[in-house]
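**Q** Order-wise, the sequence lines are chains A and B. Residue numbering for the first sequence follows numbering that gives the first Met the number 0, beginning at 0 and increasing consecutively. Residue numbering for the second sequence follows numbering that gives the first Met the number 0, beginning at 0 and increasing consecutively.
Simulated from the structure, these hints should not be mistaken for lab results. Certain hints may be false.
[Said to hold, decoys possible] Here are the simulated EDC-like cross-link-like pairs (lysine to aspartate or glutamate), alpha carbons at most 20 Å apart as the crow flies: (1) Lys-433/B to Glu-31/A; (2) Lys-433/B to Glu-11/A; (3) Lys-433/B to Glu-97/A; (4) Lys-409/B to Glu-32/A; (5) Lys-409/B to Glu-5/A; (6) Lys-150/B to Asp-177/B; (7) Lys-433/B to Glu-5/A; (8) Lys-433/B to Glu-415/B; (9) Lys-150/B to Asp-245/B; (10) Lys-433/B to Glu-32/A; (11) Lys-150/B to Glu-112/B; (12) Lys-150/B to Asp-174/B.
[Unchecked claim] The following residues of chain A were derived to be distant from chain B, with all beta-carbon distances above 10 Å: (13) Phe-3; (14) Ala-8; (15) Glu-24.
Even glycine gets a Cβ: it sits at the ideal position worked out from N, Cα and C.
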Amino acid sequence: MYRFVEHTAELELEFEAGTPEGVFEEARRAFEELAGTGGGEIVERPVALDARDLPALLAAWLDELVFLADTEGLVAESATLALEGTRLSGTVRGRRGEPRPLVKGVTLHRLRFAQENAVWCGRVVLDV
Amino acid sequence: MSEAQLVRIDSTTWEIPATARADMRVPARFFADEEILAAIRGDRSLEQLQNVATLPGVVGAAVAMPDIHQGYGFPVGGVAATELPDGVVSPGGVGYDINCGVRLLALPLSESELGERREGLVHSISREIPAGAGKHGVLHLGGGSLDAVLKDGPQALPGVRADDVAHTESEGRLDGADPAAVSERAHVRGRDQLGTMGSGNHFVELQMVQEVMDAETARIFGLAPGQLTILIHSGSRGLGHQVCTDYVRTMDARLASYRIHLPDRQLACAPASSPEGRQYLAAMAAAANFAWANRQAIADGVRRAITSVLGRETAEATRQVYDVAHNVAKVEEYGGRRVCVHRKGATRAFPAGSPEIPAVYRAVGQPVFIPGSMGTASFVLAGEPGAMERSFGTTCHGAGRRLSRTAARKRIRGGELRRQLEASGIVVRCPSPKGLAEEAPFAYKDVDRVVRVVEDAGLARRVARLVPLGVVKG
Numbered sequence: 000m001y002r003f004v005e006h007t008a009e010l011e012l013e014f015e016a017g018t019p020e021g022v023f024e025e026a027r028r029a030f031e032e033l034a035g036t037g038g039g040e041i042v043e044r045p046v047a048l049d050a051r052d053l054p055a056l057l058a059a060w061l062d063e064l065v066f067l068a069d070t071e072g073l074v075a076e077s078a079t080l081a082l083e084g085t086r087l088s089g090t091v092r093g094r095r096g097e098p099r100p101l102v103k104g105v106t107l108h109r110l111r112f113a114q115e116n117a118v119w120c121g122r123v124v125l126d127v
Numbered sequence: 000m001s002e003a004q005l006v007r008i009d010s011t012t013w014e015i016p017a018t019a020r021a022d023m024r025v026p027a028r029f030f031a032d033e034e035i036l037a038a039i040r041g042d043r044s045l046e047q048l049q050n051v052a053t054l055p056g057v058v059g060a061a062v063a064m065p066d067i068h069q070g071y072g073f074p075v076g077g078v079a080a081t082e083l084p085d086g087v088v089s090p091g092g093v094g095y096d097i098n099c100g101v102r103l104l105a106l107p108l109s110e111s112e113l114g115e116r117r118e119g120l121v122h123s124i125s126r127e128i129p130a131g132a133g134k135h136g137v138l139h140l141g142g143g144s145l146d147a148v149l150k151d152g153p154q155a156l157p158g159v160r161a162d163d164v165a166h167t168e169s170e171g172r173l174d175g176a177d178p179a180a181v182s183e184r185a186h187v188r189g190r191d192q193l194g195t196m197g198s199g200n201h202f203v204e205l206q207m208v209q210e211v212m213d214a215e216t217a218r219i220f221g222l223a224p225g226q227l228t229i230l231i232h233s234g235s236r237g238l239g240h241q242v243c244t245d246y247v248r249t250m251d252a253r254l255a256s257y258r259i260h261l262p263d264r265q266l267a268c269a270p271a272s273s274p275e276g277r278q279y280l281a282a283m284a285a286a287a288n289f290a291w292a293n294r295q296a297i298a299d300g301v302r303r304a305i306t307s308v309l310g311r312e313t314a315e316a317t318r319q320v321y322d323v324a325h326n327v328a329k330v331e332e333y334g335g336r337r338v339c340v341h342r343k344g345a346t347r348a349f350p351a352g353s354p355e356i357p358a359v360y361r362a363v364g365q366p367v368f369i370p371g372s373m374g375t376a377s378f379v380l381a382g383e384p385g386a387m388e389r390s391f392g393t394t395c396h397g398a399g400r401r402l403s404r405t406a407a408r409k410r411i412r413g414g415e416l417r418r419q420l421e422a423s424g425i426v427v428r429c430p431s432p433k434g435l436a437e438e439a440p441f442a443y444k445d446v447d448r449v450v451r452v453v454e455d456a457g458l459a460r461r462v463a464r465l466v467p468l469g470v471v472k473g
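Could you put together the complete structure from these sequences and hints?
**A** Structure follows, in structure tokens:
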């Protein structure tokens, strides 16, 4: 599950999932809603990310989605991901198009990735 | 922050003392009237300003303009000066859109002379200037020519007008720019985005000078009542966004090694004298130069549109009044101290006599442009001596948001807003109705009130008020 939280100028997003991998999937779904999907050719791109901790890895994942949308017009419609420690690898698949160019950057402000009871929670603020 | 911690210094100046929090090194000071203060207190912007006051090497005060609102790390409208050589530089204190800024063009034509060609001109501008992120510009820059732009800004573009360059802050070129400090990913994002507007609150607006408050300064700026102007708001596009991303990540990973403790991870920073600090400043300067080249390429597109609708003579006689950055860090001197001034949604506003101002404007002060919200007024200001004494040579940059994008969309649909704007005589071109609704005028503070505060505070004085005739949205 993902939801948009009120923020005066930027976009704050919260994610919840049963697994840490699920938080990355929720982040992908939220970005897909923001950017919109294209109707062009289907392409796959490999992903290999590393960060100093899980919150930073969540930011790096969204950075990657922003980069693919900005440079290739590619919005990931699905992802096959493996998480090992603070490394995320796998493949994203989506269509090329003209994504809505909203997100400038993925900030570390109020960044969060933690387990609460049985739920994995993430939070990120996007510069738009 | 409690009521007791907020101290009123004078009619427009408020302060949170450095004693308010154990980690603050200097006070947090801001400019506001009562109504603006109420809006400011509605979000986390003052907490963010206090966080800025904790940065290692910060001097004087963490300062905010009346258009302050909640951002990330720094509040939007925030200013911080850190003493060199070892005070920190914080990429988040500049923001992702490095050298986002505004450029004002003045046409040799009045609104009445434009007549029924208004709609055609706005449509022609929208055809010449790609809007939205990821859109490709008319210029594709290979490796060598992109690096030339990163080093020299608009001066690297073919056929650039000398008077445009002369009427640009820092002549559109920050020293120390190093393309090698800009990552390959940033290069990839930037190579075909020159001449594109981007999204969000970026725009090109056709305006008319509605009122002149300072006739002599307006004359020197080349502005007269009824005259047409075009205001361009854009930045460094994906290239600048990537530079900020890269260096926030780098500095975040190095905080412990510099024994820096921060209340907010997005304030990630490093001593300006450190390898990371020097590299960031070199990359930021390159991205700033790219942004000035981008606004130059957009201005060229505007002149092509003017040529097609109003003729070549009118396009050639369209002058650039000035171009100012409102997201940048610059090395300046105040009170004998050499400091790195971070301006995050804030505009340099040097007073008369500054050698940094083009000679033609030196007697009256640096031009500053304050876009209002879409459908309301914008202002031309001139820098005043109070800015040097109170705000590190800085004034506001806009009206400042007061409602979130979601809240704005809940209040109005893009189509309805378009009808309202067009009913008031404003031609609108926007690729996204959703994006249009998010920038609705009621989502912003009252720009007249904001500029009155900076004038009362002695930071800048009002020169002219501009009203929109047409807007091309990103």
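**Q** May I ask which of the numbered hints given earlier this structure violates, with the numbers listed in increasing order?
**A** 11, 13 and 14
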